[in-house]
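Participant: Spelled out, the chains give:
Protein chains: 2
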Amino acid sequence: MASTGGGSLLIAWQLKDKTVLIVGGGEIAAQRIDSVLTTDACILLVCPSEGLSTRTAQLVSIHSTRITHFDRLFSGRGELTNVDMVLTALDDNERSRDICELCRERKIPVNAADIPDLCDFYFGAQIRDGPLQVMISTNGNGPKLAALVKDKIKSSFTGKEGEAITKVGRLRSQLKERAPGVGGAVGKKRMRWMSSICEKWSMDDLAMLDEPAMSKLLEEGWEKNRVPSPKEILETSGTTTSMAIAPSHIVISGVVVGAICMALTLVLKRR
Amino acid sequence: MASTGGGSLLIAWQLKDKTVLIVGGGEIAAQRIDSVLTTDACILLVCPSEGLSTRTAQLVSIHSTRITHFDRLFSGRGELTNVDMVLTALDDNERSRDICELCRERKIPVNAADIPDLCDFYFGAQIRDGPLQVMISTNGNGPKLAALVKDKIKSSFTGKEGEAITKVGRLRSQLKERAPGVGGAVGKKRMRWMSSICEKWSMDDLAMLDEPAMSKLLEEGWEKNRVPSPKEILETSGTTTSMAIAPSHIVISGVVVGAICMALTLVLKRR
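Protein chains in written order, with my numbering: chain A, 163 to 433; chain B, 163 to 433.
Please keep in mind that the hints were generated in silico from the structure rather than gathered at the bench.
As the structure is a computational prediction, the values presented were derived from the model and not from experiment.
Using N, Cα and C, we set each Cβ at its ideal position, and we do this for glycine too.
If you want the ones that stay clear, here's a sample from chain A, every Cβ over 10 Å from chain B, calculated:
#, residue
1, Gly188
2, Glu212
3, Ser215
4, Thr216
5, Ala219
6, Thr230
7, Phe232
8, Arg234
9, Ser237
10, Asp254
11, Gln336
12, Pro342
13, Met376
To be clear about the criterion: a stretch of chain A counts as covered by chain B if any three or more of its residues have a C-beta under 8 Å from a C-beta of chain B, and this derived list gives those stretches:
#, region
14, 171–185
15, 193–205
16, 284–292
17, 300–313
18, 321–335
19, 351–362
20, 418–426
Not the full set, but computed from the structure, chain B residues with beta-carbon under 8 Å of chain A:
#, residue
21, Leu172
22, Gly304
23, Gly331
24, Val419
Take the sequences, apply the hints, and build the full model.
Facilitator: Shown next as structure tokens:
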């Protein structure tokens, strides 16, 4: 069981067709805009133009269809009409506090960058690769370490994870078309088969599933109630399976190289 | 820049002194309880006793101070008074839908396990190690792959990350006591020095910082405006620094072993 208490509830907030208000235009605002651009939300940015950092101004101009910029200070509760989330990025505690109070009255989730105690939620370091999103939170114990953990996680990825997830999503849809039905026996059978594929195949192999390979996998696997190997499916459909170099291979190669060198040395010496 | 659109906003929701209502008592409810126990929220669980899974019943009895169980069906909007978040874990779409609508009316964030479209937020695979929390979301493309990515991330960790983060948090507090002041020049100097330590020291080294080592680090590092090595601080304060084996070491060891074996073979053969 996980250790209890003291942590946050890490969740994936849905912002499709929602409106997020960002107040302030500095570096933190740019970070917030980046985070919200990950979603499909509309962004309202309230900040006098002279307060925009270079990066914020750039984002506003690149994403002009997603971001509406109001060149003025936050003007009061009227700003909150039809807003689903508020993020303040101000260097002014008092104004942040006022905005938080207005949000609280209307039960609008709010994050104030400069007043952690008033936040409904925090941000963390994030990784995104297509449909894959990873968030790292240190619960306020240092953003630097969150960034280091993020780098560590990133370097453990092969870079094919996002694609693998996309392909598995597509395979699952095709399987559902082939064997429709919600819940019950067929649903469970689908889930078991998909799980077995994900367990037997590496991420890199899953990422290589193209349309012909998917059809072959469903034909040779699902229809025959078995779990084919990546080799069986990918090689015949024109792609080649991934090759991972195991640490044992490195050791063996080293031993062989050492042996050859020593043999040459001794043989040449004897002459 | 991150790829835009189509994703979720991954956030760390704060639930200190908040109340979370969970409706339903099966396996999903147990998972929800586990997630919420990570935080400091009070949990209200509404489900007839006969509907509790073994695991849910166990959690209710172990965490009796955190979880209040109401042995009945969800009775209507009265249940939502003073509730800050609602999680339904029912096998009954219609009841889930009704509860979601009541939540929407009162602007209470809600997750309905059986109706993704009505959810304000989703859950993902999670890792917790003390103050460190990691969440993995595939944005609905398969929980199995989220679990695989989670395992991959876990195996890239040394297991010292949580402790390292705790120690860095403590070091930062001690530094703030020694050099107080919010923002401004001293705040920036503190941040720079802490960042340099986190960059120069490995997680395993940071995890070994005990009280005497922290004092020494502040004395020899902060006060002298330099970044001491882990060796300098940890060895003299009675702990030993961590040793990582680089791949190059493996290769060199292999070469040496191979050379020795071949030398022995040739020498023995000559006799």
